[in-house]
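A.B. asks: The sequence shown maps to residues 1 to 286 in the UniProt record's numbering.
Since the hints were made in silico from the structure, they are not lab data.
Every residue gets a Cβ at the ideal spot worked out from N, C-alpha and C, and that includes glycine.
Be aware that a few hints might be false.
Said to hold, decoys possible - Cross-link-like lysine to any residue pairs, in silico, SDA-like; alpha carbons within 20 Å at most: (1) 37 with 166; (2) 218 with 236; (3) 270 with 286.
Said to hold, decoys possible - FRET-style restraints, in silico, Cβ to Cβ: (4) 185 with 121: 42 to 52 Å; (5) 281 with 131: 28 to 38 Å; (6) 286 with 121: 30 to 40 Å.
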Amino acid sequence: MKRLRTIAARTASGSIGMSQPVFFAHANGFPSATYGKLFCALAPEYAVMHLDQHAHDPRFPVDDNWLNLVDELIHHLREQPGPVWGVGHSLGGVLHLHAALRCPQLYRGVVMLDSPVLGLADQLFIRAAKRLGFIDRITPAGRTLGRREAFADLDAARTYFASKTLFRRFDPDCLTAYLEHGLQQDGEQLRLRFDPATEISIYRSIPHTSPIPSRQLKVPLAMVRGQHSRVIMPHHGYLARRMREGEYLSMPGGHMFPLERPYETALLLKTLFARWNARSASRASA
């Protein structure tokens, strides 16, 4: 099965129209199809490409600082006909930032959805957490250990996830999409599709380095924080605004706001892309 997917609006004749390309990268543990309502809300102006699941290609195993995961993303970006809008949620936002720092020619711009731009102090703290063995306490890795992985049926899975704080404010369609695409049949049970060991490994290898200083990013970037999220701190916003074309915005919701408010998230993305397009056109005509 081909791992690279495209969601695009089609014309009356059935062909894909002249949509601008968006390459989406998902949060850890959430297959891309979970975000289907967001992708559809971006149509017809934008065609969304994505991998089914990051970190599951044996050519790009999880390693420290997510170097291989960035390589995986760059590998697929290089197969595209031109630069893309890179949009990533949590894990995915950091992957796009690091890929854009390494290969800015592959991007029109980057939007990080509740993904932090890390400073030197953050990186030193993460490095110490890895070396001293408390990384599970500062990332969701500790909560992921021992988490339920199998369910008798779809109703049991829905009851379980709907009771969890992380999922409690999900748009109903997004929760249904997660149940449909985040679980797979395993004998007489349903089991998590995203490998739990891989998910934990991703948390434990969170980057404490950057390809180059983030302020040297050569394309526009917006870091969007969920207003009730504990992931992005005030100093992360300062770091984003220090970039040459960096912005720091907020949305109602928590860390999972793209799956809580998919329509509002799509509207924000369209607004950003339109503004960046206009700015680029103005510079080209100057």
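A.B. asks: Among all the numbered hints in the text so far, which are the ones the structure does not match?
C.D. replies: Result: hints 3 and 5 break, sorted rising.
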